[in-house]
Amino acid sequence: MFMRKLLTGGMGLMLMAKVKETTGIVGLDVVPNARAVLISLYTRTLKEIQAVPEDEGYRKAVESFTRHRLQLCQEEEDWEVIEKRLGCGQVEELIEEAQDELKLIAKMIEWDPWGVPDDYECEVIEDKTPIPKHVPQHRTPPLPEEFYRTLEAVKSKTAQKEEPSDVNES
Numbered sequence: 001m002f003m004r005k006l007l008t009g010g011m012g013l014m015l016m017a018k019v020k021e022t023t024g025i026v027g028l029d030v031v032p033n034a035r036a037v038l039i040s041l042y043t044r045t046l047k048e049i050q051a052v053p054e055d056e057g058y059r060k061a062v063e064s065f066t067r068h069r070l071q072l073c074q075e076e077e078d079w080e081v082i083e084k085r086l087g088c089g090q091v092e093e094l095i096e097e098a099q100d101e102l103k104l105i106a107k108m109i110e111w112d113p114w115g116v117p118d119d120y121e122c123e124v125i126e127d128k129t130p131i132p133k134h135v136p137q138h139r140t141p142p143l144p145e146e147f148y149r150t151l152e153a154v155k156s157k158t159a160q161k162e163e164p165s166d167v168n169e170s
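Those letters in the sequence shown? Residues 1 to 170, by my numbering.
Possibly wrong hints are sitting among the right ones.
As the list claims (entries may be wrong) - 25 Å max Cα-Cα, derived BS3-like pairs, lysine-lysine: (1) K47 / K103; (2) K107 / K47; (3) K47 / K60; (4) K60 / K107; (5) K60 / K18; (6) K20 / K84; (7) K84 / K18.
To be verified - FRET-style restraints, in silico, Cβ to Cβ: (8) L72 / T140: 15 to 25 Å; (9) W111 / E145: 53 to 63 Å; (10) L104 / P142: 37 to 47 Å; (11) P130 / A51: 24 to 34 Å; (12) K155 / E76: 13 to 23 Å; (13) F65 / W114: 33 to 43 Å; (14) E54 / D119: 19 to 29 Å; (15) V154 / D119: 35 to 45 Å; (16) E77 / V154: 29 to 39 Å; (17) Y120 / K18: 39 to 49 Å; (18) L143 / E93: 39 to 49 Å; (19) A51 / L151: 37 to 47 Å; (20) K128 / L28: 27 to 37 Å; (21) L104 / K155: 16 to 26 Å.
Don't read these hints as lab results, they were simulated from the structure.
Quantities reported herein were computed from a predicted structural model and do not represent experimental measurements.
Glycine included, C-beta positions come from ideal geometry on N, C-alpha and C.
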């Protein structure tokens, strides 16, 4: 009875609201220090993404949302406010997502997809095997005639611009 009275009073009520007993997701346990874990993971992510070239879209995207989330975690103390402001799920889900991002960064660095030279040509192999009737075929609809007229107009303007420069060089 004493504990009930204590917990229903002013400060106790505030403490009760801060305690998270379950995530409500099977297999996803509550992380009592979720904010600190997120700050650590986001800081590590920003450090590790530096290995990816600056002009790559992947790096720009990861840096952008990670900086935003890190700043928000640093501004807010309460996990409920963090969840509400981010609107991306529970803090425990965010922790799993940040851990997965770190794994992906490591794989991207190892794979190095941006290390392909600009002049690299890949061989295209055409297979004439007929597609079975039960397999859906996704064919794009034909483009409108207006598209082709515009394309021809652009090509002719480009050709006209190039012709005078060819004459001057001769």
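Here's how the hints hold up against the structure:
1. K47 / K103: holds (13 Å)
2. K107 / K47: Since the Cα atoms of K107 and K47 sit roughly 15 Å apart, the hinted pair holds (cutoff 25 Å).
3. K47 / K60: holds (13 Å)
4. K60 / K107: holds (17 Å)
5. K60 / K18: Not satisfied, since the Cα-Cα distance of roughly 35 Å exceeds 25 Å.
6. K20 / K84: With Cα atoms ~15 Å apart, K20 and K84 stay inside 25 Å; holds.
7. K84 / K18: holds (14 Å)
8. L72 / T140: 15 to 25 Å: The hinted range 15 to 25 Å is violated for L72 and T140, with Cβ atoms some 41 Å apart.
9. W111 / E145: 53 to 63 Å: Given a distance of about 43 Å, which is not inside 53 to 63 Å, the answer is violated.
10. L104 / P142: 37 to 47 Å: holds (39 Å)
11. P130 / A51: 24 to 34 Å: violated (46 Å)
12. K155 / E76: 13 to 23 Å: Violated: the Cβ-Cβ distance is about 56 Å, outside 13 to 23 Å.
13. F65 / W114: 33 to 43 Å: With Cβ atoms ~20 Å apart, the hint is violated.
14. E54 / D119: 19 to 29 Å: holds (22 Å)
15. V154 / D119: 35 to 45 Å: violated (26 Å)
16. E77 / V154: 29 to 39 Å: violated (57 Å)
17. Y120 / K18: 39 to 49 Å: Violated - the Cβ-Cβ distance for Y120 and K18, about 55 Å, lies outside 39 to 49 Å.
18. L143 / E93: 39 to 49 Å: Between L143 and E93, where Cβ atoms are some 43 Å apart, the hint holds.
19. A51 / L151: 37 to 47 Å: Because 41 Å falls inside the window, the suggested range holds.
20. K128 / L28: 27 to 37 Å: Given about 49 Å between the Cβ atoms, the range is violated.
21. L104 / K155: 16 to 26 Å: The hinted range 16 to 26 Å is violated for L104 and K155, with Cβ atoms some 42 Å apart.
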